[in-house]
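Going down the list, the protein sequences come from chains A and B.
Okay, so the first sequence: first residue is 19 according to our numbering, each after it adds one.
Okay, so the second sequence: first residue is 19 according to our numbering, each after it adds one.
Do not rely on the hints blindly, as some may be mistaken.
Said to hold, decoys possible - Derived Cβ-Cβ restraints for the label pairs, each shown as a range:
no.	chain 1	residue 1	chain 2	residue 2	range
1	B	Met212	A	Glu275	52 to 58 Å
2	A	Lys268	B	Ser171	33 to 39 Å
3	A	Arg164	B	Gln175	44 to 50 Å
4	B	Met212	A	Ser45	18 to 24 Å
5	B	Asn242	A	Pro333	48 to 54 Å
I should point out that these hints are in silico values taken from the structure, not numbers from a laboratory.
Just so you know, these numbers come straight off a predicted model, no measurement behind them.
Note that the Cβ used here is the ideal one computed from N, Cα and C, for glycine as well.
Each chain, letter by letter, is given below.
Number of protein chains: 2
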Amino acid sequence: MAEYISQGVFIIPDTVKIESYASVVGSKEGEGNLGKYFDEIIEDSHFGKSSWEKAESRFQLEAVSLAVRKANITKEDIDIICSGDLINQCIGSTYGLRELEIPFLGIYGACSTMAEGLIISSLLTDNKVAKRSIAVTSSHFSTAERQFRFPLSYGGQRTPTAQWTCTASGAVLLSDTNGTIKIVGGCIGKITDMGVNDINNMGSAMAPAAAGTIQRYLNATGTNPEDYDFIVTGDLGIVGSRLLIEFLQKQNIDISEQHQDCGCLIFDSEKQDTHCGGSGCGCSASVLCGYFLPMLENNTAKNILFIATGALMSPMSLQQGESIPTIAHLVHLRKD
Amino acid sequence: MAEYISQGVFIIPDTVKIESYASVVGSKEGEGNLGKYFDEIIEDSHFGKSSWEKAESRFQLEAVSLAVRKANITKEDIDIICSGDLINQCIGSTYGLRELEIPFLGIYGACSTMAEGLIISSLLTDNKVAKRSIAVTSSHFSTAERQFRFPLSYGGQRTPTAQWTCTASGAVLLSDTNGTIKIVGGCIGKITDMGVNDINNMGSAMAPAAAGTIQRYLNATGTNPEDYDFIVTGDLGIVGSRLLIEFLQKQNIDISEQHQDCGCLIFDSEKQDTHCGGSGCGCSASVLCGYFLPMLENNTAKNILFIATGALMSPMSLQQGESIPTIAHLVHLRKD
């Protein structure tokens, strides 16, 4: 049974394993640095549907279906599915997963969703409420742009600190029995707001939340950055990643050797004109499932901290003069 | 430790107790049938803030603060808080709870949020990840109307099947040690969509989800409606409640004696012109905390099923021709 340490940090014994996982991305992500690692690249941004929102739902369903097929089971074998996304009322998830008829827990953590879903799914697997559970999320460039920024056809200029919302989905299937990669701990994030209010500079807004969560996990578990092969953040991008390393250095924690950021990895920012890198729930989800989990599987890495960060504002809250509250949830992945 | 039965149903042994709870409502709710039962009635719909969204955040913070005060503890004693609401990106919750610095899990279940939050909080309390946790949610008539329907100043006519979003919040503080009311089981809902697409008839859309969840829980636990003092639904309203009873009667389950609906209870529909009744996350949350939990506390009731229902569409999904997916989560409350 899981054990609580303090400040949102918990450790899990030998009870939660990753049975399978899947990543499905769009064409731009397929042309990026990690293109060859993803399970499926969908060239059509509408994925055969009549709207981008419906396309995003299909990305999510496709990732879940693929993870289920890889485990050689059927959807009836899944006890709980945990999902959310960036679209208002999380319709990417609710419509995408509707046909599965699996007990569903909807979550909202913005781009931290993959880590939040893994935390909830793994703890419900740990206390035997699920033998098998799935954590999944998605994002879509075109649904996010028109909701959070401008209609695409307006052709707005992007600022240098802006990031590019990934069209992608990632799904992780957890089991209480099968799998060699384990989830052995985590840290539930605290809402953190340092007063940043620039919607085009999410990395700077989210970096303090990531720093706080990493620091709490290292302190509570008595571990150091050198104990991990990788400390992977979700989508801080270039500016946010630099800030994260600086913040932690001021606390005498140096993660510069171990740190990787999914937002920095996924695109070739110069060639692909993505400015500070990728973002969106699907960014960290697909990079986790396409790139990092396979590294654990094939023993290239043994020990990874995965920290997905989310910005919890809305366009309306910014119009009302508010700053951007953020959060970072952490999951500790290990291959023995 | 919790035990999983099937189809989203689980039971919890003697591990999760309700230490305190609080309800805070607006003036119209205070003038309704249950006015005298709520802890606080806030006459100012802006609650001293510059926008309705900020007011909703304050309702949520007030409910949490009151529950914490009633337990005679401080916010530092709370390990996890689980919350969501109806406003885009759940800003009622994220801004409302920001200052607390408690590890936060954001959820989205529309009007099913209170039951979903209780399920997650109780299971995390059960497996010792939290000694104390809080489930909280809110809704606000004016934030919901302008987001889901029309600007208030437009003065749109309401249809007879429409419900009135409550301005209210409810918070439940769970403990692994203190309290006489227990959460002894639950059922995680499945997304259910029978093709209803009338945004002014949510009760009809949600009734099948409630019926399915109640049926699964009764079947899995081998219990009958007579085993419970009350079977309480969230906000099906008058039309939805009638449908729920009919659906279950066709399955030879008669809940007509035990059934109560928070949406039907909270207002005097005729006098208050609320048509089919109350709705919104805060409706079931405040009625649970103001009316039903005190009944368990003072031994007027011993055994209650609380089923909060949610409609998981968005204005955009309806504009795109979709029907309304719904969900119902169930929590079993008992006083020994």
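**OP:** For the range 44 to 50 Å, tell me whether the beta carbons of arginine 164/A and glutamine 175/B fit it or not.
**Re:** The hinted range 44 to 50 Å is violated for arginine 164/A and glutamine 175/B, with Cβ atoms some 30 Å apart.
Subject >> Hint check for proline 333/A and asparagine 242/B - Cβ pair distance inside 48 to 54 Å >> reply: Between asparagine 242/B and proline 333/A, where Cβ atoms are some 49 Å apart, the hint holds.
Subject >> Distance restraint hint 18 to 24 Å, applied to the beta-carbon atoms of methionine 212/B and serine 45/A >> reply: 36 Å, violated
Subject >> C-beta pair lysine 268/A, serine 171/B: status relative to the range 33 to 39 Å that was hinted >> reply: 50 Å, violated
**OP:** Take the C-beta atom of methionine 212/B and the C-beta atom of glutamate 275/A, compute their distance, and say whether it sits inside 52 to 58 Å.
**Re:** 55 Å, holds
Checked against the numbered hints given earlier, this structure breaks hints 2, 3, 4; the rest are met.
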